[in-house]
Amino acid sequence: MIADFLAHGVGGRQDLPVPFGYALAGALVALAATFIILTRSWPRSRLRGAAAGRPLPPGLEKVLDAPATRIALRVLGLAFAGWVLAEMLFGPQLGRDNAAPGTLYVWIWVCMPLLSVLLGPIWRLISPMRTLHAGLSRLAGQGPDRGILTMPQRWGMWPGAAALLAFVWLELVPPDRGSVPAVRLAFALYAAFTLLGALLFGSGWFARADPFEVYSTLAARLSPLGRRDDGRLVLRNPFDGLDATPVVPGLAAVVIVLLGSTAFDSLSSAPQWISLTQGSGSKLLWDTGGLLGFVGVLGACYAVCSRRPREFAHSILPIAVGYVLAHYYSLAIIEGQRTFILAVRGGRDTGLVVLDTTLANPGFVAVLQVVAVVAGHITGAVAAHDRATRVYPPGKVMAGQLPLLLLMLAYTYAGLTLLFAA
Amino acid sequence: MHALNRITVLFLLVALALTACSDTPPATPPSASTPPSASTAPSQARAVEITIRGRNVSPPPGRVEVAKGEKVRLVVHSDTGDEVHVHGYDLTAKVGPGNDAVIEFAATQTGLFEVETHESGLVLTQLAVR
Chain A
0 MIADFLAHGV GGRQDLPVPF GYALAGALVA LAATFIILTR SWPRSRLRGA AAGRPLPPGL
60 EKVLDAPATR IALRVLGLAF AGWVLAEMLF GPQLGRDNAA PGTLYVWIWV CMPLLSVLLG
120 PIWRLISPMR TLHAGLSRLA GQGPDRGILT MPQRWGMWPG AAALLAFVWL ELVPPDRGSV
180 PAVRLAFALY AAFTLLGALL FGSGWFARAD PFEVYSTLAA RLSPLGRRDD GRLVLRNPFD
240 GLDATPVVPG LAAVVIVLLG STAFDSLSSA PQWISLTQGS GSKLLWDTGG LLGFVGVLGA
300 CYAVCSRRPR EFAHSILPIA VGYVLAHYYS LAIIEGQRTF ILAVRGGRDT GLVVLDTTLA
360 NPGFVAVLQV VAVVAGHITG AVAAHDRATR VYPPGKVMAG QLPLLLLMLA YTYAGLTLLF
420 AA
Chain B
0 MHALNRITVL FLLVALALTA CSDTPPATPP SASTPPSAST APSQARAVEI TIRGRNVSPP
60 PGRVEVAKGE KVRLVVHSDT GDEVHVHGYD LTAKVGPGND AVIEFAATQT GLFEVETHES
120 GLVLTQLAVR
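Line order of the protein sequences matches chains A and B.
Per numbering that gives the first Met the number 0, numbering of the first sequence is gapless, rising by one per residue and ending at 421.
Per numbering that gives the first Met the number 0, numbering of the second sequence is gapless, rising by one per residue and ending at 129.
Honestly, the hints are just simulated from the structure, not real lab data.
Possibly wrong hints are sitting among the right ones.
Claimed, not checked - Covered stretches of chain B, as calculated for chain A (at least 3 residues, CB under 8 Å):
id, region
1, 72-83
2, 91-97
3, 104-112
4, 117-125
Stated by the list, open to error - Among the chain A residues that face chain B by a calculated CB cut under 8 Å, a handful are:
id, residue
5, 6
6, 7
7, 9
8, 266
9, 270
10, 277
11, 356
12, 361
Stated by the list, open to error - Partial pick of chain A residues on the chain B-facing surface, computed with a CB cut under 8 Å:
id, residue
13, 8
14, 273
15, 278
16, 280
Virtual Cβ for every residue (Gly too), placed ideally from N, Cα, C.
Using the sequences and the hints, build the whole thing.
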């Protein structure tokens, strides 16, 4: 389970309004039907990507884009970083009494990307490491985008994929991951990795390698708020935002790491997996192998079925986001609150934290899990279909994307089965 | 058109076949969440008894369904000295040979909580409070 001291809500098979088998069948039929409707009624590409969108009212756009707004966000990010640092150094040193582990694993890792889906690339705007790097560049008297070396284009988002894999390993595998020293080490490594990379390659490093920025910016592809190719802030169809995802090397790897790690988290919190692995005495090896195995198998299946992994990677993104929402929603409600209460208390022990779980009641959680998984896959199928109408010749559009659709059906089946495993 | 119709039928068959498999192990009947003890004697606590031998936990880690507000009485036997911890409720008790850990509490907080040992890091069971 994600940093084992964190609690998910309950929302299992018995909490669904219909038997689980019906929900599963409905999910598969909905996805297959979407594909059939698309092949009949969507013969040519309809999405316009970065060219689409209706500009925000000029007044609002001016406020959002004003230097003062941007500086305020940066100051907010720095204050946040300063508070986390103080909490780690001077707060309670027992993991479950300190707000820093929850800040990392719940606020930054779960809540921030989900908020990015609503509001846009938040981390990029508040990133304290970006601000720090910009400040250092100014002191050195050079532009932040210039580094000592030029980053090879073919690296693409691979540094980000590697950093994300390292992070999900920390989040899911080591037994002490919820302790204050582990979280301190994680933040220290994160700061060193992002800052040194940016000093070497310029500020472009953040967009390609900062795991939180990579995740947040990709999640923001699904946001109704976006920037059009002419620079205007626009309200747009999330499908257009998704379609405008830059096709770079490593994009598929990033998305597969997100999907594979979430799936592995479902598996590793199932009692069956715990019984199987903890008696062996080498749980660390089992869990590491399980995580790498999930990411590896999902990635290999995707590479084979998509045929053009890079061009269709954006269609897996909504699937990953839907699955993250399904899996972590109740945790975000429960542990987000707990972290907030710990933060406000400031280390004073005032007894057990009492939480409001109205928003995480079992019936709602169970239905949300099914809806999020299905919506993610249907969004992915639409995105893939529109892309297919452009990359395949007219007669081969359906045949070309059939393997990817079969894979999505398999993901839906496996994803829902894992979510409702216990 | 014909090809598409054939594919439609194929998908439906695959979907049905897949879900048919998943239906065979019957889902936990709703009555399982109401413990028999609670219905017969409301004052009695829900008893969960676990034995640790080395790294072996019996019964193997599973999920205990508990109704919100229900009383839980957790008894742990262990052949080595350790500390038992109920997450979420943050309750701990020492355990060792000849010294069982007994933790009694009312499950007032809904959620999925692990019961663990601190030294050996074993998951003993999960409490699903709903």
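**Study point:** Hints the structure fails to honour
**Key:** Checked against the structure, the hints that fail are numbers 1, 2, 8, while the rest are satisfied.
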